[in-house]
Amino acid sequence: MNGQPRAHSTVFRRAAIFVVVLLVQFAIIEAGLRLYSKSEGSTTFQSLFIDDPAVGHRLRPGTQIRYNTDEFTTDIAVNAQGVRDDDPIGPKAPNERRILVLGDSLVLSVQVPFAQTFCENLERRLNAKGGATRWRVINGGVQGYGPVQDWLFFDKIGAAFQPDVVLIVAFVGNDAIEAYDTAAALKAGRAVETEQPAIGRLREVVRASVTLQSVRLRWSQLKARFSTGTPERPLTSYLANPPPEVAAGLELTRDAFGRIVTRATGIGAKTGIVLFPARFQTDDPDFGRLAEIVRQFGDTLERNAASDRFRQALAPLGVPMIDLQPALAAQPNRIELFFQRNVHLTLRGHDVVGGVLFDFLETSGLTAPGR
Amino acid sequence: MVFTSLDFVLFFAVVYAVYRVLPHRPQNWFLLAASYYFYGSWDWRFLSLLLGSTVVDFFVGRYLGRETAQGKRRAALVLSLIFNLGMLGFFKYFEFFEESLAALGARVGWHFDPLTLDVILPIGISFYTFMTISYVIDVYRREIQPTSHLLDFALFVAYFPHLVAGPILRASLLLPQIERPRTISALQMRSGAWLIAWGCFQKMFVADNLAPLVDSVFGASASPGGADILVAAWAFAFQIYGDFAGYSNIARGVSRLMGIELNVNFLFPYFVVSPQAFWRNWHISLSTWLRDYLYIPLGGNRGGVWKTNRNLIITMALGGLWHGAAWTFVLWGLYQGAVLVAARAISARSEAVGLRIRGGLSASRIALGVLMFQVTCFGWLIFRAESFGQLARFTRLLFTDLRPTMATINSLLIPMLMVVVPLLIVHVYQARRESEEAPLQLPLLPRYALYGAVFWCVLLWGSFEGAQFIYFQF
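Those sequence lines, one after another, are chains L and V.
Note that our numbering has the first sequence beginning at 1, numbered continuously upward.
Note that our numbering has the second sequence beginning at 1, numbered continuously upward.
For reference, chain L alone in the conformation it holds in the complex:
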């Protein structure tokens, strides 16, 4: 008679024991990852950022960390103004001209020492021309930014740096999708919470745990495959048949960048746009691997489709624009331009991009005197 309740209680008891085992293992893994993790979920790396009511998040002013991974070890300093730099940004000297580079992790470049970033490389090249003008290139890149955050950062923080030139670096891989996801912030003119408070609290808990951040990453990968029928959402910008979010995201990108252009013009600065390719656009084996994944989902991955779509979408802004893909693809041993796992620029990649941007600034007239 009471065999079934007893069987149920055994099941519950065993389930409870299993949950306890999982929790103990979770605690051990969390402790281990906090001590030894080399991922971007590590507390060391996360300490670089603070929440910002206007922008969402930004670099924490005055932070210094050593970021260590299997591929690189970098000392990262954030100055008092909250941009990656060893020196503060003070009042502008009479002979000083400034270039503010906006963008995401590709601009921030935590993978290489500050002096080796393409921003610093560009600054050295500009100053090597000689003359009375001293150039300062300000690295305004922040991990995780998209076009809307670029605009908010420039509007709330970057414009105060008194730039003479604003270079917007658009990562064609995911900027359209990120703009689509943050459309509400563009409309509101500030960062907005688009989720329920409970979800917000859950997000805070997840952010506080290295382990849960990894789980979240897995969940995102699975969810992305469910929702769009492709393995990763950034790849949608390259599909022969992209979902409607891509076209909508491109329009929002044009809107956000247009606001930057208008604001920059208002403070007497010129604006240029740099289209930054994903690694697989220059790396044949990587492209083959991703093309095969996309093929399994019944679509076609077109290597430069995202670059082409960005160029067309942003052309109406009427500002000088350069696509880095042809220059990077023309390099010998181009597989060495990006880290293999991290997919950001290597030292050599930064050197190449620094040179390309120098030529672009010179030929486009962006560095010429006057408005």
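To be clear, the hints were calculated from the coordinates, so they are not data collected in a lab.
Computed from a predicted structure; not experimentally measured.
Keep in mind that a hint or two might mislead.
Examples of chain V residues lying across from chain L (beta carbon under 7 Å, computed) [claimed, not checked]: (1) Phe271; (2) Ala449; (3) Cys457.
Across the chosen pairs, the derived CB separations fall in these ranges [what the hints assert, rightly or not]: (4) V/Trp44 to L/Ala208: 30 to 38 Å; (5) V/Trp306 to L/Arg218: 56 to 64 Å; (6) L/Pro285 to V/Phe30: 38 to 46 Å.
In this text, a Cβ means the ideal position worked out from N, Cα and C, and glycines have one as well.
Following the hints, put chain V in place on chain L, whose structure we already have.
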């Protein structure tokens, strides 16, 4: 639709839910439809080959069952073999042999333009073709009775857990399970779930994490040293094992949840001390197939040392070619044949002088096991090499430049050990009990700790990109 993809999880969830509520015959109809959908999800066009193979061999089997004239039976068998091997030969080897012939012709000054047919290799063709061949031969030998139900035979050929990468099942094992109603016990559910979890660990945690390490050495732009090549060969040994054994375990687990038992395909092949034992434990369904349908018909070990060695070399060379249309696979097969021949000679000499390896964990046994693993790994180097040129270069470096650099240790050896050591820890326990299901017998807490560890390893460090299984290309 690979086993470790979300698509398959969804597919199986639906299939299983329906399967559990159906009675026996509708279960078979439903499983057949699901299997054709599963196969068609790669390329619907190749369903025609699967159907053709099924229909031809079903009727040949029926004919062989009722015909008594030996000449007619032999003719029917030959026709079936021509059909099956012709199909396999055309789709898998046509371009390979044509290009090889053109290259050979060019060397003697005879030029011709090969036909450009762009033949696509139908997935799983090597597996299901061997299954239908074994069925026809078994019926011909009167070792089994032919089935009289086309549905059952079609399900035997197309049953989705084994369809695209084996195990290569015998009709004597699978057909009776298809023909009779199935029951599913709680123990089957538990052990099936463990096999799936363990298979996911082997594939997603072990194989998929080792793949980038191996690719970084074998890639076209790499310039590795000898130590890098050695570590990459070790890593590839565990990558291909994790990949294929993982697939086999998931297939067995999925099938067991449906009450159908598939045969064990791998049994700790790197814990052996002889090449013969390796082939008794590695891809067991293929090695026993080659033994029963090729090696023994060739004469086996019945004609003295020379003929036995010849038969071994032929069997292993063809076994190598089965793996793919490339001369490196043929060379790998020849190497395995040569190793078997050498091992037989050494074994005979050792017995003659009274040398014996002690059982258990003796020092000599461990040393022999390590040596055997290195011999196996050199075979994997041949198997993985992109070309003969790369193989020659890597072999030279292995013997002339074996100094490890810091990059060898930090970028290859340590990442490899972090993946392989957890696998080996569990394997040692499983091997001592000679079963991958041994963890089910652990006391509650260690068992749950193992389940939890497998869960976290797959969730946090497993690959979720749904990477293809290496053996799909065979």
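These are the hints, each one checked on the structure:
Taking 7 Å as the C-beta contact cut-off toward chain L, the hint placing V/Phe271 at the interface is violated, the least distance being around 28 Å. Taking 7 Å as the C-beta contact cut-off toward chain L, the hint placing V/Ala449 at the interface holds, the least distance being around 6 Å. Violation of the interface hint for V/Cys457 is found here, the shortest Cβ-Cβ separation to chain L being roughly 10 Å, above the 7 Å cut-off. For the pair V/Trp44 and L/Ala208, the supplied restraint of 30 to 38 Å is violated, since their beta-carbon distance comes to about 49 Å.
Between V/Trp306 and L/Arg218 the C-beta distance comes to about 57 Å, which sits within the given range of 56 to 64 Å. Separated by about 42 Å at the C-beta atoms, L/Pro285 and V/Phe30 satisfy the suggested range of 38 to 46 Å.
When held up to the earlier numbered hints, the structure conflicts with 1, 3, 4 and fits the remainder.
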